[in-house]
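Put chain V on the given structure of chain U with help from the hints.
Listed below are the residues making up each chain.
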Amino acid sequence: MAASDSTTGRGRPVGTLKRPPVFRGQPYSAIVAFLVALVVFRLVWVDGLANEKQANTWLLYSVLVIGFYFVFGVSGQFAFSQAAFAGLGAYTSQWASKNHSFWLGLAAALASSAVISMLFALLVKRAAHFYFAIATLGVSEILILVFEKWKSLNGGLGGEVTNIRDISIFGRALDSYGEQFAFLLVLLGIVMTLGAWLERSPFVRENIANRDHEVVSKTLGIPSLQLRVTSFVLGSVLAGLTGACWGALNGFIETLTWGVELGLGVFLMLILGGIGSRWGAIVGAWFYTYIVDFLDKAEKEFPSLIGGRQIVYGGVLVIVMIALPDGIVGIWGRIRRPKAGAARQASTPNWLVTLLGLKRASRPEPLAAAETEASDDTLTDPTSAGTAPSAPSAADPTSARASTAGDGPALVADTIAVSFGGVKAVAGVSLTLHQNEILGLIGPNGSGKSTFLNAVNGVVPATGSLSINGQPVRLGNSAGVRKAGLLRTYQTPQTFLHLSCIENVLLSTADRRYTGIAAAWFLRPLMLKHEKARWARAEAALERVGLLDKAERSAAGLSYGQQRLLEVARVIAAEPTIILLDEPSAGLNAAETQILARHLRSLRDEGISLLVVDHKIDFISDLCERVAVLELGTLVAEGDPVTIWDDERVINAYLGVADDDDPVGMDDASATVATAATPRPASPGSTGSEA
Amino acid sequence: MLEIENLVVSYGAVEAVRGVDLSVSAGEVVGLLGPNGAGKTSTLRAASGLVSYGGSVRFDGKEVSRLGVEKAAKAGLIHVPEGRHIFPTLTVHENLQVGATARAGRADGYSFEEVYALFPALAGMRDRGGWALSGGEQQMLAVGRALVAAPRLLMLDEPSLGLAPILVKAVFGALRKIAERTPVLLVEQNTVMALKLCHRAAVLSGGRIVLSGTAADLSDRSAILDSYLGQERVHDAEVEHLKA
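For the protein sequence lines, the chains are U and V, in the order given.
Numbered per the working numbering, the first sequence finishes at 691, counting up by one with no gaps.
Numbered per the working numbering, the second sequence finishes at 244, counting up by one with no gaps.
Fair warning: there could be bad hints in the mix.
A partial selection of chain U residues facing chain V, derived with a Cβ cut-off under 8 Å [to be verified]:
no., residue
1, Asn445
2, Ser559
3, Gly561
4, Glu583
5, Ala586
Now the in silico label distances, taken between C-beta atoms and shown as ranges [stated by the list, open to error]:
no., chain 1, residue 1, chain 2, residue 2, range
6, U, Asp640, V, Ser219, 26 to 36 Å
7, U, Glu648, V, Ala216, 34 to 44 Å
8, V, Ser219, U, Gly639, 30 to 40 Å
9, V, Ala223, U, Gly639, 27 to 37 Å
10, U, Leu122, V, Thr89, 29 to 39 Å
11, U, Val312, V, Arg66, 28 to 38 Å
12, V, Ala223, U, Glu625, 23 to 33 Å
13, V, Arg66, U, Val40, 45 to 55 Å
14, U, Ile331, V, Ala223, 47 to 57 Å
It should be emphasised that the hints constitute simulated quantities derived from the structure, not laboratory data.
Remember, it's a predicted structure, so these values are computed and weren't measured experimentally.
Note that beta-carbon positions come from the ideal geometry of N, C-alpha and C, so glycine has one too.
Isolated chain U (complex conformation) (with noise of 0.2 Å):
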C-alpha cells in the first residue's frame, strides 16, 4: 500500500492495524470446547430421569434465548413474542408431522414463523420501542388463542396435542434423553455456528447502530427497516425451531407453555446471563432452568420455606441485576480488565439504561462529555504529515470520486420550507452550493440553519424541491439523498457510542455489497474480502483526521470535539461528492480549527462541494468563498465575506456591535443581551438603540 510508510504524528502508519475483528480469535474453538464441556457435564453431573430431562430443557432454552438475543440484545427490540412464536413452531410442527416425518414438521415450523413474524414486523414497523412490546403481547395472545381454539390444528382437545411424533434420524426414533441430548448438542453447536459466523459479520455492528440511532444511520446508507426485520425473523425463527423441537422431544404440548410467562421468562434469561453476548443467553437459560428447580427442591426439603421460594427467587434476581449489571457473563468480561474500547464485546447495556431511564449513579459515563486520554496532536495537519492529499494512495476513495459529480452545481435546494406546529423554522430557502465549493451558512442561534441542513438530508419534513448534482431527489428521502452522494456531520456529534471508532467509520463505507445475513453465512469469502476492503478505507479516512491510534477504542471515550472528527472521518469513509457540515469547529481550539480548515480545503481540492455551518468568523472568513446568511428561517445576505461582515443586518443580527476598549464587559452588557437574543422581530421595543 502506498501509504503504508506514511505516518501521522505519533500515530501509526496505515495498514499496521491489527486484521479485522471478523478475521480475529478463535470462536469455533471456543464452541468446540463448550460443547465438549457439555458432554463431560452430562456424563459426568446429570443422573436421573429427572435430571436427564431438566438438562434438555436447558439446551432448548438457550436455542430459544439466542434467538432471543438478536430480536433484543443486538437489535434492541422489545418483543414479548419469542415464546409464542416458538409454540407456532410447536403446534405447526406436531401438525404437519402428523403423517410425515419430524422433518417435514421441522420445516413447516420454520416456514410458518418466518413468514408470521415477517409478515408482523411488517405490519408494525413503525412502532418503536414500546408501542412495539404492546405489539408483540398482542400478536402472542392471538397466535395462543389460535393454537387453544383451531380444532383442525391441535386436534380439538383445547389445545392439548399428545402422542407428537418422534424425532427420528434414518429411521431411528430419539427416545432417550441421551440420544436427545446429542441431538440438541448439534443443534445449539449450528446455532452458535451461524450466531458467530453473523457477529464476524457487518450485520451485528450496523444492527447496533440502528438500535442506537435509527435516523443517522439510514443517513449513512444503512437499510434500516430490513436489518430490524432480518434480526426479528432471525429470532422467531430460532424459535420456532425450539418449539418444533421441544414438541416432538416431549411428545406433548399445551398452550399454556407458551404465554407471557416465558415471554418474561426469556428476557429474564438474557438479562441475567448478559444481554451483550449469545454466551449470556446459554448462560441465562441455566440459571433459569436450575435456579428455579433449586429452590423447588429446598422448598420440599424445608416445608417451613413455603412460600419463600418465590421471595427467594425474587431476590435473587434484585441481588444479580444490581451487582451484575451487564449479566452473569459480565464478570467474564471484568476479570479480563477489558481495555478502553474493547466496548463492544463486555458491553455494557448503556442503551437499554438510557431507555428505560434507568441511571448508574456510581459510575463514571463515558458520555460525549467526558474528556480522555490527551493529545497534543488531536488533529493531523495534512501538510505537516506524510500524507499529502496530492498524492492520493491506492487506498484512497478520492481517485475515483471527481470523476462521479456530475455537470451544474452540486446541490441546488430551492424554496426549503419547514414548520414546525404553527412556527416557521425555514420559510423558503433557495441556495445553490457550486462545484467545488465551499459555502459558509451562518446566521443567529436558532435562524433555521440546522433545520435547512435536516431538511435537504431528508430527515425532517419539508417543502420545496432538491437536486443533487443535477439529479433531482425527493425531500424526506435520506437513503436517496446518501445515494446520490451527499453526506453530512451534525451539531451534536452522532456518533455511535456503543461501537469502536473505525466500526463507526465502517458504517458508512460507499461498498455496501456484502453485508448482509446471507453474505455472512453462505457467501464469507466474498464478504471478508469485501470487509478487509471497506477496513483498509476506514483507516484511511480515520487517519486523516488523526484518530487512527484510537481506532479500535469504543467512540464513547472521545472527547467532544474528537466526536466531531469521528464524524469528519465518517463522512470522507463514505466518497461523498458533497458534503455539510454542521458547526465542524465547535469544540476545537484556534490551532485544531485552522487544521480543520486545511483537511476541508484538502477535501474540495479534491472535487468535493462543502456546506459550512459555523459560528466561528476567521473560521469561516479563511474558508468560503461565499457566504449566505440565515435569519428567521429566511436568507437575508449572500455574497463574499468581506461583503457579508459589512452588511447591515448581518452586523446587527449575528456579529454583534464592535466595542474598541472593552470586547468583553460592556457596560451595557445586559443591553446587548437583549439585542442579541432577540433577533425574533416580535419584540421591537427591545432592539438595540443603545448599543
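The following block gives chain V in isolation, referenced to the frame of chain U:
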C-alpha cells in the same frame, strides 16, 4: 473554597486527568484552558462529583466524593455542564424553579427577577418550552438556572460553545456581571474571552497543568500560551475583526 489536589480521573484504562492541583478562593475567577481532550471537562465533572476520581477535591474542606453530587450542589457548588442540558419539557420559568432546589436556604442567591434582568431575552419567554429555545437562549437559561441555586462557586463548561458571535459577547457580558458577585471556575476554548474575564488561569495539556498564572501574565506570554494550546501561533482574527 475549592481545593483540588493531585486529581486523577480515568475512564477504564484511559487516564484523562493525571494529577491536577488547582484551587479557587472566595471572590476569584479562575479559567481552565487547554486543547481538545486535555482533561478540562473531566476535571470539572470530578469537581462536582459526577465522575469518580483519585486524589482529593474539597469544597469548604469537605470531600466532594463523600458529599455526593446532590449534597455538593446543595452546598453551593453549581456546575453548568457542556451542552447546557436544560429540561426540554419544562418551560423557561419551570427550569429556573428547578434550579432553586439546590438553593438550600441560602439567602444570597439570585432571584428569578434578577436572572431575568441579567438575561432580558428570557424574560419575554417565561412560558416557552425548553425544547423551543435556540442555542443561545438555552445557554442563558442554563446559567440562569445555576444562579437561582445561589452558587457559592459557579463552574461553567464552555459557555460559548456553538453560539453566534453576538451571543458569545452577550453571554460573556453577563458572566462579567456575575463574576463581580460569585466566584467562577471557567472552562473555555475561547482563550481571549476567557482571559479577559478571569483573574487567574491554568492551562491543561495531556491531563496535567502545564502553565498557570494571572490572566495578565498569561496574556503577556501569549506565545507560550499558544504553543500549549496549539501547534502554532494563531491570530485571533475574530477579535481583530471586531476591533476593526
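Task: Hint check, Ala586(U) versus chain V [nearest Cβ-Cβ separation less than 8 Å] - done: The hint holds - Ala586(U) has a Cβ within 8 Å of chain V, the shortest such distance being about 5 Å.
TODO: Using 8 Å as the Cβ threshold, decide whether Ser559(U) counts as touching chain V.
DONE: The hint holds - Ser559(U) has a Cβ within 8 Å of chain V, the shortest such distance being about 4 Å.
Open item on the list: Looking only at beta-carbon atoms, does the pair Ala223(V), Gly639(U) fall within the given range of 27 to 37 Å?
Closed with: At 36 Å between Cβs, range holds.
Open item on the list: Just to be sure I understand the hint, the distance between the Cβ atoms of Ser219(V) and Gly639(U) should be within 30 to 40 Å; is that true here?
Closed with: Given a distance of about 35 Å, which is inside 30 to 40 Å, the answer is holds.
TODO: Starting from the range 34 to 44 Å, see whether the pair Glu648(U) and Ala216(V) falls in it by beta-carbon distance.
DONE: Because 36 Å falls inside the window, the suggested range holds.
Open item on the list: Can you tell me whether the CB distance of Arg66(V) to Val40(U) sits inside 45 to 55 Å?
Closed with: holds, 50 Å
TODO: With 26 to 36 Å as the target window, see if Asp640(U) and Ser219(V) comply at their CB atoms.
DONE: holds, 33 Å
Open item on the list: Hint validation: Asn445(U) versus chain V, beta carbon distance must be below 8 Å. Holds or violated?
Closed with: With Cβ-Cβ at 4 Å, under 8 Å, it holds.
Task: 28 to 38 Å as the expected CB spacing between Arg66(V) and Val312(U), which holds or is violated - done: With a Cβ separation near 35 Å, Val312(U) and Arg66(V) satisfy 28 to 38 Å, so the hint holds.
Open item on the list: Quick check: does the Cβ-Cβ distance between Leu122(U) and Thr89(V) fall within 29 to 39 Å?
Closed with: About 33 Å separates the Cβ atoms of Leu122(U) and Thr89(V), which means 29 to 39 Å holds.
Open item on the list: Given the hint of 23 to 33 Å, is the C-beta distance from Ala223(V) to Glu625(U) inside that range or not?
Closed with: Given about 32 Å between the Cβ atoms, the range holds.
Task: Interface restraint verdict for Gly561(U) against chain V (beta-carbon cut-off 8 Å) - done: holds, 4 Å
Hint violations for this structure: none, all hints satisfied.
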